[in-house]
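Generate the whole structure from the sequences, applying the supplied hints.
Listed in order, the protein sequences are those of chains A, B, C and D. Those letters in the first sequence? Residues 30 to 382, per this note's numbering, in order. Those letters in the second sequence? Residues 30 to 382, per this note's numbering, in order. Those letters in the third sequence? Residues 30 to 382, per this note's numbering, in order. Those letters in the fourth sequence? Residues 30 to 382, per this note's numbering, in order.
Honestly, the hints are just simulated from the structure, not real lab data. A couple of the hints might just be wrong.
Where chains are identical, the list cannot tell them apart; a pair therefore holds if satisfied intra-copy or between any two copies.
As the list claims (entries may be wrong) - Computed cross-link-like contacts, DSSO-like style, restricted to lysine-lysine with a CA-CA straight-line distance of at most 30 Å:
id, residue 1, residue 2
1, K307, K248
2, K307, K95
3, K95, K207
4, K307, K136
5, K84, K307
6, K248, K207
7, K158, K84
Protein chains: 4
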Amino acid sequence: MYNYAVSFSGKTLAQNIKASIIGASGYSGAELLKILSRHKHVRVEKLFANTSAGKRIDEIYPFFAKSFDTVLEQYSVDAACASDVVFIALPSGEAMNLVPELVARGKKVIDLGGDFRFQDVASYERYYKHQHRAAHLLPQAVYGLPEWNREHIKSAQIIANPGCYPTSALLPLAPLLKEGLIESSGIAINSLSGVSGAGRSANVDLSFAEVNESVKAYKVGVHQHIPEIASVLERISGANVGVTFVPHLLPITRGIYTSIYAPAQTGLQPSDVLDVFKQYYGNEPFVRFSESVIPEIKHVNYTNYIDIGFRVYPENGHVILLSAIDNLIKGAAGQAVQNMNILFGYDETEGLL
Amino acid sequence: MYNYAVSFSGKTLAQNIKASIIGASGYSGAELLKILSRHKHVRVEKLFANTSAGKRIDEIYPFFAKSFDTVLEQYSVDAACASDVVFIALPSGEAMNLVPELVARGKKVIDLGGDFRFQDVASYERYYKHQHRAAHLLPQAVYGLPEWNREHIKSAQIIANPGCYPTSALLPLAPLLKEGLIESSGIAINSLSGVSGAGRSANVDLSFAEVNESVKAYKVGVHQHIPEIASVLERISGANVGVTFVPHLLPITRGIYTSIYAPAQTGLQPSDVLDVFKQYYGNEPFVRFSESVIPEIKHVNYTNYIDIGFRVYPENGHVILLSAIDNLIKGAAGQAVQNMNILFGYDETEGLL
Amino acid sequence: MYNYAVSFSGKTLAQNIKASIIGASGYSGAELLKILSRHKHVRVEKLFANTSAGKRIDEIYPFFAKSFDTVLEQYSVDAACASDVVFIALPSGEAMNLVPELVARGKKVIDLGGDFRFQDVASYERYYKHQHRAAHLLPQAVYGLPEWNREHIKSAQIIANPGCYPTSALLPLAPLLKEGLIESSGIAINSLSGVSGAGRSANVDLSFAEVNESVKAYKVGVHQHIPEIASVLERISGANVGVTFVPHLLPITRGIYTSIYAPAQTGLQPSDVLDVFKQYYGNEPFVRFSESVIPEIKHVNYTNYIDIGFRVYPENGHVILLSAIDNLIKGAAGQAVQNMNILFGYDETEGLL
Amino acid sequence: MYNYAVSFSGKTLAQNIKASIIGASGYSGAELLKILSRHKHVRVEKLFANTSAGKRIDEIYPFFAKSFDTVLEQYSVDAACASDVVFIALPSGEAMNLVPELVARGKKVIDLGGDFRFQDVASYERYYKHQHRAAHLLPQAVYGLPEWNREHIKSAQIIANPGCYPTSALLPLAPLLKEGLIESSGIAINSLSGVSGAGRSANVDLSFAEVNESVKAYKVGVHQHIPEIASVLERISGANVGVTFVPHLLPITRGIYTSIYAPAQTGLQPSDVLDVFKQYYGNEPFVRFSESVIPEIKHVNYTNYIDIGFRVYPENGHVILLSAIDNLIKGAAGQAVQNMNILFGYDETEGLL
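Structure, rendered in structure tokens:
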């Protein structure tokens, strides 16, 4: 279990480190840069990009003007190895080509993509629709959900940073499943995401005129986060888990809102749910939960918090769980830095408050 | 069952009618005016409003400039009775004060609010939180969901126009429940609504700066549309129905998106679902359904269509139903005119295509 | 001058025509289809597209499901010539390749792009940055701004439909310049446009996550609509005209808002401005102007109206002109149909109210 | 002139101070709290509110949950005087009732409203439409535009924090006017603002459904920021200044975009403008200017920067100036803290980067 006091003790003793970002021109990469630039113990060493290599980061994101004028470079393993930790913020399927060599050279890797989140290669290949070329490394990859995996993260070489949707679904579901307050099948997860979750790309379906004043579900029943959610819940609860997951695209830039309908054990009381959340998350720095406050995306945007609300609804045998996160922070870059903090013994909240 | 040919035959024989709107300054009232102004057989007689009485409709909505300059009037039953049909677009709780006298004077009434949607007074009073002062009229009120109630609508005196959320949930669920393809309890309904659904009012929670770039659930487990959905499904299917319903407020002006997770009968095939939709909706003018097209709000906005998509998901025992409507049209004013067309023997699509 | 009575007289005598659209898969093309489908005298014959050829229009825009299922075809001049009028809704630079042959075969052409809006080839080539390959046809092309060019439109073979920004700027400025109420240089035109104005294309700069919660000016001082505005004003007023024009991209889908700061003649009174608007636009079906109502995009969206407001500001020697249009309707497809109505002697408002 | 080195030297010597906020429940008040909570030398002492008194700040803004749980209090001068500096974030017209007593008791006051921005009482009363009840204090109030008034701010008792629109217009215009690169009359200022600029209030005109997908100008020629802009420019340039100013309401939450059309001196070169910006702003920590980068709101949102772009347009005798700020930060709370930093000898950027 998380121990707040110990975590803080790392602060003054901590040594400074150097970090690089592969994929710095994407939204998650840029968000990582913002967070790392505020971090007491990190110096950002290299920013790697592909088509944007040769440009300054503040040309791509003038937001950084007067703060950062680093020139993006084409990736090379030698350049990357000048850092202590390498963040990979690339589309899934690319990290697997880079990680073996980085690991061989002793670097710590935090991958924001999906390549190292699965133990089961077949499941990966079925949902991601391409072959896994570094499957031999899967056993040593650690799933970077700090609230449930903190001890393993401390000594990891490869951290697989969780997906944005899974983060929003796992944190509310895991304690209830583990403690047997809900059934392990028949769970419905309805998620809503801002457009930045799809990355920074030229795609007519993501254009303002297509997305604005509309909503659509997509990848219904076939989204790659389905097996990620199910398999992590299975590891935590020890049971076979059945989830139905439907993501929706929303006309907002940032944020994920997840509403979960889970079959409740008969007689479940609101206080049971609250007790379990207190037990698991009472000391967690980035989890806020409440019986009375309903989460809203605007309460968490630009923060590393997840907000969780719930309602027991015995009229139809459900417990309703609601959560909100910033998809680019707790759903990506923020959680990655949280993992880095654990890995290097820093205060877990450093750079994130 | 709907008979397209018969419905069309009314067209040339139809007499023209006069219609009035009570609550013409609200969003639904204004939308009604737009639709009725295109209708071949209707003359808009009176527009009633309260605080806006004395103003011209194009002062409140300059959209109408050069088309309508009618002055809004304070309501009086005598003025209303110059019309053949009276639309009431007021907040729930107000229609019950006006309907008894209109009915007594032989007027047809189409109420867009919730006052006459329930047969069960206790349920109304529990969810609407005020007393019903015209409960004696409930037995003669007809629920105006044309696809399921067309015959009764033809001879109704009082039509209770369905709620926006119920319209979006009932149309996908009803045929599957009636034909026993899904179980009647454990159904989860996740709905997303644009802000116009909350009406035109001064409310800090509806202000742009509060709603934009955010999402929130609200009235979780206590929304007044829960018993409306459940009771209509019970009448249609003959079974006790259990629904969990969570509405969410979205940063869009118009539109409702509903995602439903229903426990499927074992062995349910996609073709079963498609067949049932064909059977019930194959000839319906305003229902579009598809196994392959996923509904999007932008496909239905500014129309009277409901779009329905679905996916059978045996991996977790669910059928997923997705629907989209324009909350102000199929969810309010459009459906009200559809009901009026049925009531007066006009082509059901008149004014609505 | 526009003569409402005569225009109406064409109605009953009018013969029906066939129309085709080249570029039907873009936003303007789809909007044209919506308008033409409501038009009493038009049958839509062919829809041409390039990369979307072979698809049904309701696959690209499911909005059209149950109304239109026409299959888009690859363009051929023979197929196009089965129509009486051909609308071209292609990016500028493409119409000039098609128009010569269509004209040679006696077809009426309404081009929504910029290729035929200039009399001055050099100016076209400087701003559009490519050669004009049909410059010999420019003298016979008629600029399709009905309020100022109605007589020439009646007998045109090629109608160059005005640009969206020019429509919003010319209509307020033209009468004041012509009557000498404002000076002909030093005019500043500040325009705001929704994203649909940029067309339906895969472009990261138009993606929701880039456009939302932001505003930017673009093409400052080099936009191709600058010479279009200036040259039309020069033809109308007979003076050399100097305009500064800055377009801005806004997080809305549809609509243009133009704010103009023009040096006023000394002693100019509000009543002078109002009188001139009454003189020129008092009988115009699609121009609404007011001294007291400030235009808003929501008042004109989904209509063919332009709303014009103004304020004389002697404190700084300016008259402020404000206008709003729907960029896809009065700024494109609606005005194109208005031109077609004039060309074929129909009621000018047919299909547009 | 700003001296970066000296300003930094205050850092280690600086004593810590206590600050209170009157009007902490509004958007500017909440933003102040966010910034002050990151400030090394400030302890937030009291949060005052009126109708929200008695609630915790994280009840009103759950964003603050787990960071701040301060209870808002009803204002009393005694409670306020426990602080070294008092920020007033109230609607204009209210600060004048509180400031005299605070000043009498020796407190430093930073007023984010308009009450102390004018030297000319008549002008204030004409535009704000109410009497000034503390006019005797106007001579000692210092206009808190750090880039132009830093020396006076250091020793001020009352700082009148500039308006949001004026900040966006003054910073680009002032150096050009002072150096005579533009004429002092005929200047047109076109500003676009997000909705948070109107404050947190229940107002149907600010509701999402009214603001979304629309734009409107408002207070055309009568906005209270007109005399603020003109009078500050007059003090800086020594000339009589004529500005035309039109604010517009936009469907964004935060941000101001200002486009200025100023008559340029004959022969003005881009390098002249650039040189003047370098001269005045080259060492300014929060001003970014560029000849090539066009400002965008997303580049400055959530920062204290103003971005300035420009283009000399001799074709029509104009220089075009473009600027973007976050209305709640550089346009309100950020600039207020910048002023506080100057006042107390802290590094001017403390809490703001």
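Against the structure, the hints come out as follows:
no.: 1; hint: K307 <-> K248; verdict: between (34 Å within a copy, 24 Å between copies)
no.: 2; hint: K307 <-> K95; verdict: between (43 Å within a copy, 14 Å between copies)
no.: 3; hint: K95 <-> K207; verdict: between (49 Å within a copy, 26 Å between copies)
no.: 4; hint: K307 <-> K136; verdict: neither (36 Å within a copy, 44 Å between copies)
no.: 5; hint: K84 <-> K307; verdict: between (48 Å within a copy, 24 Å between copies)
no.: 6; hint: K248 <-> K207; verdict: both (28 Å within a copy, 28 Å between copies)
no.: 7; hint: K158 <-> K84; verdict: between (32 Å within a copy, 27 Å between copies)
Figure legend: structure checked against the earlier numbered hints; the only hint not met is number 4.
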